[in-house]
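Can you build the whole structure from these sequences, using the hints too?
Number of protein chains: 2
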Amino acid sequence: MNDTKTLREVFKQTTYQIAGHSKRDLHQLQQVLSRVDGNVEGDMYGTGELIENFQQKMAEYLGKESAVFFPSGTMAQQIALRIWCDEKGIKKVAYHPLCHLEIHEEDGLKELHQIEAVLLADKDRVIELDDVLGMDDDIACLLLELPQREIGGQLPAYEDLEAISRYCREKGIRLHLDGARLLEILPFYQKSADEVCALFDSVYISFYKGIGGIAGAILAGNEEFTKQSKVWKRRHGGDLISLYPYIVTAEYHFEQRKHKFSQYYEHAKELAGLYNQCQGISTRPAVPVSNMFHVHADLPKEELERILLSLSEETGIGFTHYVRQEDESSSSYEVSIGDRYAMIPKEELALAFEKLHQKIGEQKSKAE
Amino acid sequence: MNDTKTLREVFKQTTYQIAGHSKRDLHQLQQVLSRVDGNVEGDMYGTGELIENFQQKMAEYLGKESAVFFPSGTMAQQIALRIWCDEKGIKKVAYHPLCHLEIHEEDGLKELHQIEAVLLADKDRVIELDDVLGMDDDIACLLLELPQREIGGQLPAYEDLEAISRYCREKGIRLHLDGARLLEILPFYQKSADEVCALFDSVYISFYKGIGGIAGAILAGNEEFTKQSKVWKRRHGGDLISLYPYIVTAEYHFEQRKHKFSQYYEHAKELAGLYNQCQGISTRPAVPVSNMFHVHADLPKEELERILLSLSEETGIGFTHYVRQEDESSSSYEVSIGDRYAMIPKEELALAFEKLHQKIGEQKSKAE
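So the sequences go chain by chain: X and B. Quick note: the first sequence uses the working numbering, first residue 1, plus one each step. Quick note: the second sequence uses the working numbering, first residue 1, plus one each step.
One copy or any two copies: either way a pair holds, since identical chains are not told apart in the list.
List of simulated lysine-lysine pairs, PhoX-like, C-alpha gap at most 25 angstroms: (1) K301 <-> K123; (2) K91 <-> K110; (3) K227 <-> K110; (4) K88 <-> K110; (5) K12 <-> K346; (6) K355 <-> K12.
Hints were generated in silico from the structure; no laboratory data involved.
Printed below as a string of structure tokens:
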């Protein structure tokens, strides 16, 4: 019986999916591994050509002296903040209320490092220059997440970033970039990675978001910073004997996709336009500034799920595999554009959105 | 010129190597990946059949309620000790002076968890019942490493283990097993994994030592313990979006090798016998109790290296890729037996050891 299937199950069986690059199954690793030279030696506890060359390449790409490969961004970022706190002798940092460290890491920063966090800005907007000017001086480091993922991937004006960077340098406050999605914002800013990173003392980027690797992260900064980060990496249990399965896939997908982020950005704007033509739906931001945005609907979670499920079965297009409840009468989900979007025939996509518009209309008139 | 080559370089070019399973190159992952079903879904933040089934399998093998896959033993063990310390409200544990946490983890236990360590026993012997009876009661957890790697892989008598376990239970002290090499000791004790683990409240095993995977570890204990360990895993930055490259290889090699540890143990005893027939050389322990032992030579590091290098070039057999200096007149290295040993023709091995005996004799008479 179709009506017992979940949205996730139906989504997986659709012919086309709107978001992402591909399935997260073992084919990905098989395919990448089949393309590499098996005689290459694995890395050993952070040493060996495989890891060192990749770290060097990423340091150059980010315009930093040095870079270290980490199994996760959670580990890399806690460590970055710890190093800057130790340097200043102050265990206090500032970041956005919806920062990854604040809401997704079980308070690791506080529990493992005893670092206090000052929350800047309101939950529903990005950190602006005024927030920074208004904060106490006694913080060791300010973390900016670009784009601010939990509010649909919003960005401050580039001039604001430059002014924040100047202010922090004047005040002796370190500036750290949560650049999990750094490549995703370069087309909007019309900057290179090293231009953006030059505003920051330390930078983290992720390999499994826009780049589409399996896992892993890079933390970059000056030599002294990255040297210390390796000591903390060992303390955290992240100095694995071998990280090469992640490094090999990170490098492969970085090379494969680094030039495609303008395309993802353009597609995100196009797709947000289709959503915003549907009644009862709006995207956040209204015009995306990266490859991502959030879809907000004036419908309860269950009703939106039911509509998307039947629509996916009817059209073969997967809109999303989940819907999140916002409140009793509204719901949302996140969209990040990758390789998949380009594979959907335009006319089929347009038709699916017409039907979405209709179905929501029918639902709304039923409810009235 | 041959004389500019290092021992490591010559070792890599030998036809046969005495220790280990195989090269740590990318072939290993390629071969395992080529044997798995690519349609299997990757794990997502600790969920999904791939990781859950493996954790369940390992919990059953170890005779524990529950098990969690970790990227590293460093992470798993700090977390185990932290949980037991929090349970008792005492931030103090006891372990051997050459415990991995004491000498290989940059003091992560102290720096991240503020846990104090009481060192039991002398550096050159294992922890015995008397050491445990003599320790203060105000510790939360005692960690035993079986076998004690840094002293050649020695073991206490099994009756001692049983008595230590009874004592800790009486006193309300948790007992944790650093079982990085648990499978390696089962043939000597003539016990199953779950029989040994029944003496302990929590157990860690490694997948890249005797089992020969790429990296990764299992931490097992009761439901409440492993539930808490997942929270700490996220805090440490170890809850990667996907750990499957390590899980798939861990499971493959576990199944491939779990029945071969008696063979490795027998080979280790045979090989130690060959070493102990050479003048100026002795193994520690004299008779191995696992697949590993240390080789000690009454020769300075440089002289032993020179002898082993020329011997490897002459015979095509790699004895070791490194030598460690003990003091001015003695040196050592570690040997862990895996699949490779069985591939060496017996007569060639015997001849190589005759030559080793001769060369050391020549060196010694030169020195006199």
